[in-house]
Structure formats: C-alpha cells, structure tokens
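S.K.: This is what each chain is made of:
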Amino acid sequence: MKAAALSLAQTPPLSVPYRFFLTAPLFAVACGVTLFWAGPDVLSSRWHPALLAATHLLTLGFLTMVMAGALQQLTPVLMGVQISYPLSFSTVIHLLLVAGTLALTAGWLWQKTALFTLAGVLLGLALTGFILVLLVTLRKARSGHTTVRSTTVALLAFAVTVVLGVYLALGYSWNGLERLPGMTDQHMTWGLVGWVSLLIMGVAYQVIPMFQITPDYPGPMMRWLAILMFLLLSCWSLVQIFFPQTIWLSHLAGGLLASGLVFFLLVSMNLLSRRRRYIPDVTLNFWRVSLSSLLLVVIAWGLSLTGTHDQLEIFFGVLMITGFSMSAISGMLYKIAPFLIWLHLNNYIQGRGHTRGNIPNMKQVIPERHARLHFRAHCLMLLLFILAVFWPDYFLRPAALLLIITAGILWNNLYSGFRLYKHIIRNQEA
Amino acid sequence: MTSIFDHMSSDHKRCDGFFLDAEKAASKDDWPATQQAYQEFYPSMELHFTMEEKVLFPAFEQAQGSEMGPTQVMRHEHEQMRGLMRSMQNALDAEDKDTFLGEAETLLMFMQQHNAKEEMMLYPMADQLLADKSNQVISEMQTLAEE
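Order-wise, the sequence lines are chains A and B.
Each residue of the first sequence is one higher than the last, beginning at 246 in our numbering.
Each residue of the second sequence is one higher than the last, beginning at 23 in our numbering.
It should be emphasised that the hints constitute simulated quantities derived from the structure, not laboratory data.
There may be inaccurate statements among the hints.
[Claimed, not checked] Example chain A residues on the side facing chain B (calculated, C-beta under 8 Å, incomplete):
1) Val322
2) Pro460
3) Tyr462
4) Gln490
5) Arg519
6) Tyr523
7) Ile524
8) Val527
9) Lys580
10) Trp587
11) Lys608
12) Gln609
13) Trp656
[Claimed, not checked] Straight-line Cα separation of at most 30 Å, DSBU-like style, residue types lysine-lysine; simulated pairs:
14) B:Lys46 to B:Lys119
15) B:Lys155 to B:Lys46
16) B:Lys35 to B:Lys155
17) A:Lys580 to B:Lys35
18) A:Lys667 to A:Lys580
19) B:Lys119 to B:Lys35
20) A:Lys608 to A:Lys667
21) A:Lys385 to A:Lys357
22) B:Lys76 to B:Lys119
23) A:Lys608 to B:Lys119
24) B:Lys119 to A:Lys580
25) A:Lys608 to B:Lys46
26) A:Lys580 to B:Lys155
27) B:Lys50 to B:Lys155
28) B:Lys155 to A:Lys385
29) B:Lys35 to B:Lys46
30) B:Lys35 to A:Lys608
31) A:Lys580 to A:Lys385
32) A:Lys580 to B:Lys46
33) B:Lys119 to A:Lys667
34) B:Lys35 to B:Lys50
35) B:Lys50 to A:Lys608
Cβ coordinates follow ideal geometry from the N, Cα and C atoms, glycine included.
Let the hints inform the model, and build the full structure from the sequences given.
M.R.: See below:
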C-alpha cells in the first residue's frame, strides 16, 4: 500500500472552484432576462426557442457550472485523489463551458445555425474533457466512500446526455444528422434524472450526515441506488427506442425510476428530521425546499401519465431545475464557499508564519442574514414560477424578475466573500 | 477485538456530542451551560489529538517507514482546529454569541471533513498496516486517556 501517495490535504487553489461559482449566478440572471424579454408566450410550448435557451442557461450555465467547480474541489478533498494540473484544467473547462453555453443559447435566440455547430464543438470538448478526466481520476480514488461510486455513475449519465445533446445541436446545422423521435426526451431525462439527480444524491449521502449531523444513509442504498437508477434509465431508454408503442412498459420503467427518487427523498427527509444539530441553518432550509420540490415533480409526472398535458411537462421541468436542483445547489454553496474562503485565508496566513490573526469565520465571510435573504427570494421565485406555468400572462414576467433578483443576491453574497478574501490578502502583503 | 477504526470513530462521535451541546446552549444565550459543555468538548478534542499525535501516528509512521504522508497532513489540521477552538474559548469568555457560533460553524465544517478523511482512509489503513500491533496501540492510547 503506497500510503505516501495519499494526498489528504491537497486543496486546489481557490480560483479553481470559485470561478465556476461566481459565473453560475450570472447565467441565472441571463436566464431571467431571456424569459422577461420573451414574455408569457415562452411557456406556450416546450419547443419555444427562448424556452430552450432559458433552460440551457440554467442547466449548463448554472447547475453544471457549479457542479463542475464543486467536483474539482470535492474530488481531492473528500475522495482523496488529485486532478493533474488543476489550474490549467479548470481554466480551459471554464472558458469552453462559458463560450459553448453562450453560443448555444445565442443560436436559439437569434436562429443562427452556425452557432449550433460552434456550440456543439465547444461544449463537446469541454464536457467530454471534463467527464473523461474526472472518470480517470475517480478510478484512482482511495476513499471507500460510496460517493465515489455514485459520482462515477452520475458522470456516465452525463456522458449520455452530452452525446445526445451534441448530436441534437449539430443536427440544427447539418442536414445529414437525422433527428430521431424521442431524442430530446432522452437527452432531458438523462440530464435531469441521470446527471443532476444522481450527483445530488451522491453528494447528499456524504454532506447530509456530515454537516447536518444525522444518522448515515442505509449502506445498501448508498451502494446500489445510483447504479439501479442508471440501469433503469438505460431500460427506459431502450424501451423508448425499440418499443415506442408499448406504453405500459415505458410507464413501468418510468414508475420504477420515480420510485427511486421517492425513496431517496423520503429517506433524506427522515434523516433531516433526526438531525442532532439544534441551531437552524439556511442549508437545511434549502434542502427541505429541494426535497419537497422533488416530491411535487414525481406527483406531476404521475398525473401526466393520464394523458398529454403540455403544462404538466413544463411544470415538471421548471420544478426539477429551479426547485429540486437549484435549491440543493444553492444550499450547498453556502457551506462550501465561505468555508473555502476561510480555509485559503487560514492556509495563507499560516504559510506566512503569522499566528491566527483576524481571519473572518464562515459567518463573517457570508453573513447568515444575507443567505436568508437569498433563501426568501428563492422561495418567492419558485412560487411565482409554479403560478407562471398555469397563468403565464400574469406571472411569467414577475417570476423572471425574481429570478434575476435571486441570482443577483447569490452573486453578491459569493462575491462579497471573495472581495473580503482579496482585501485581507492585500493588507497582509502591504 | 476492537479495531483502531472502531475505537477512534466512536471517540469522534463522543466529541461531536459535546460540540452540539455547547452550540445549542450558546444559541439560547445560556452561557453557564455553554461553558460546561465546552469544558467537556475542549479537553476531549485535545485528548483525541494527543492520542493520535503521541501514539497512533508514530506507530503508523514507523510501520510505513516514513514521516511524510497522511499523518503529516493530519497533524497540520490538528493545529488549524486548535486555532479555532482557542477562538471559540475567547468568544465564550467574552460571551460573544455571534463570534462563538461563527467559529463553531467553521470548526464543525473543518472537523467533519477531517474526521471523514481519518475514518474513510487513515484508520482503515492503520488497521491494515499495524495489523497485530493494533491492540497494543489501542491500549497505549487508553493509558493516555486515563492519565
């Protein structure tokens, strides 16, 4: 056993994850602006170009952005493996992801087919590069924790999402690529139920017991649920491709997938209700909203089986993205971002040989009341989006406005922490 | 036979318990109770660190044939936690609730990640590496605790 190869302390430079964290809220603002500009008509169909643009501003620009940054931080720290050349890797992936997301959304908004080719290439490079490097790195992981396993499975699901997505993007400009029926459904399901949900599940296995001080998730669940979900997703996909007429089979696979999500949310809610930490915590609130949204998602999916309801499909997407995923990710950011600022300041000051002077603690880096303001705005935004699905004329623009405000508060909270960091470093060097 | 893993992980849990009591009492402005819980927490943490630094880590390093590696990192993290615990003590003496809870939040984040690294990597490695010497290491640590 090569113990010396273990790199328990290797935290990458702050800019590796933080550039992703500071960029993500800006894409959420761009999504709000797009929806506000497009107006209530945007919800008339799930194929509306502005809706597709807005969706990808959130899924790529916000969710994937934060998760890519967080994974580059968590892999060395919690799973004990280093990504080689972390700074160059982070810089390249970040630039490609930003440029690709902008090209893709601009393609829809200005209907320029060349932009889809550009987006396909940029995002294809960014995301396959990211997935491959992470998969290779995780294979070396020495931590026995099941998060390694569920992260690997989530990355594989992401790979399927990316392949389908790049194919669809290139299909806008290349006539030779035939758009097969159901392909966008596959892309969406692998992205939201595969990549996003499986990653959130894997991270929850580790961070909920650890930081909320709850009992652990059941061992067999942590070992098998993600893999089972991946297999069910594969079955569901194959049924869609080969037996598109056999409705009951597709419902069966979908029902089993939904049960997996329900199982996760019930266990998580139960654990949170048994948390041993007494003091309230904004991350806990975000988790509760996230899990409740997931419950509504599954209920909406069940109702949609009774027939085709365009509104329910949009409801499903809105809640899955802004309710379940954005809430969980925002909550986690309020743990990870202030902690990283503290850690890097502490390492820096110790490195200079000073004793611990006046390093601000986590609640001084991002004050609790600022995080709570974000939480309240976030809840109001969710409520307005739910209403907007059914009464877009009245609620879409207010919801878009609230998204801009919510993302603005998040950006300001993250940035003020970063500004404090810069300020202290400058003072030390002066 | 208890393993190093069992022995040390349960000590982490015990320290967590004192931490949670102190944090809860402080959030209710109950300073005497905070002081009481903190006086359980601080020495328990210090003892845990000492058991590792004086007994477990040297045994681990000897078996591994090197002082570099994970134990070095763990020692460094102990120092960082000691810094946070001193700040908590100062805030407690000044009955400064916001600072106490802010330092506590930071310590909790740090401590839980540190414990996770030890429980997921270091202790299982120690059990494997020390094998037949595990019992002796555990009893030496217990002797330290009784002193």
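S.K.: I'd like to know which numbered hints this structure contradicts. Please list them from smallest to largest.
M.R.: When the structure is compared with the hints, numbers 2, 3, 4, 5, 8, 13, 15, 21, 22, 26, 27 turn out to be violated.
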